[in-house]
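Per the working numbering: the sequence shown = residues 3 to 184.
Among the hints, a few may not be true.
Pairs of lysine to any residue residues, derived as SDA-like cross-links and limited to a Cα-Cα distance of at most 20 Å, are as follows [claimed, not checked]:
hint	residue 1	residue 2
1	K102	R128
2	K102	L114
3	K102	V87
4	K102	A75
5	K102	P126
6	K102	G124
7	K102	L56
8	K102	Q168
9	K102	W156
10	K102	S123
11	K102	L92
12	K102	L142
It is worth saying that the hints were derived from the structure and are not from the lab. For clarity, every value in this text was computed on a predicted model and none was experimentally measured.
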Amino acid sequence: PYGGPVPPGGWHQAPPAAGGRPQGELASWGSRAGAYAIDSLVLLVPAIILFVLLVGGAVGLTGTDDEDVAVGAAFVAFFGWLLLVGLIWLFYAPPLMSRKGERNGQTWGKQLVGIRAVRDSGEPWRFGSAALREVVLKNLAVGIASSIIPIIPWFLNFFWPLWDDQNRALHDMAASSHVVRA
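Whole structure, please, built from the sequences with the hints as guidance.
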């Protein structure tokens, strides 16, 4: 009288536990660092080209021999460069991580070393969730904190998996994610 049979596991299944261990072997710190190095190298070439163009162009466009003006122009260009690097990362990591199928959760660096980021909820990465993890938490938040307390937040985030029992970096915890062997 009330419909079909009860699905396996019952009607009211609990969602996956937040912060629980994901399915699969956790990725080592070395493989995570290797993936980050590869991703950084992929972005380094366009970033260096942009840096040379922006800073060189800004200093050249001042049209003055005044050193203070040139330094100020270089300073402004440097922060413009940081913004552009963030945009490059935005158009690199989230689209790759939000691919469908077996490549979901992988940048080219993660793909080459055989790891992937997985969400604690078990849901696949979408552009928004990947952008939150890769751009906002991993780069923007750590970058802002590093500008207040130079480089220490970046080092903490980078090395945190070495002493975390689930091999998670700070941005993994904030994004409710793990990195596992693919």
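Verification of the hints:
1. With a C-alpha separation of about 9 Å, the suggested pair K102 and R128 falls inside the 20 Å cut-off, and the hint holds.
2. About 17 Å separates the Cα atoms of K102 and L114, which keeps this hinted pair within 20 Å; it holds.
3. Note on K102 and V87: the hinted pairing is violated, with a Cα-Cα distance of about 26 Å set against a maximum of 20 Å.
4. Note on K102 and A75: the hinted pairing is violated, with a Cα-Cα distance of about 43 Å set against a maximum of 20 Å.
5. Distance restraint check for K102 and P126: the Cα-Cα separation of roughly 8 Å lies within the 20 Å cut-off, and the hinted pair is therefore satisfied.
6. About 14 Å separates the Cα atoms of K102 and G124, which keeps this hinted pair within 20 Å; it holds.
7. Under the criterion of a C-alpha separation no larger than 20 Å, the hint pairing K102 with L56 is inconsistent with the structure, at around 36 Å.
8. Taking the CA atoms of K102 and Q168, the gap is about 26 Å. The hint is violated against a cut of 20 Å.
9. Among the hinted pairs, K102 with W156 is inconsistent with the structure: their alpha-carbon atoms are about 30 Å apart, more than 20 Å.
10. Only pairs whose Cα atoms come within 20 Å are accepted, and K102 paired with S123 is accepted, the gap being roughly 17 Å.
11. Taken as a hint, the K102 and L92 pair is honoured in the structure, with Cα atoms around 18 Å apart against an allowance of 20 Å.
12. Distance hint between K102 and L142 is unfulfilled; the C-alpha atoms sit about 26 Å from each other, more than 20 Å.
Hints 3, 4, 7, 8, 9, 12 from the earlier list are contradicted by this structure; the remaining hints agree with it.
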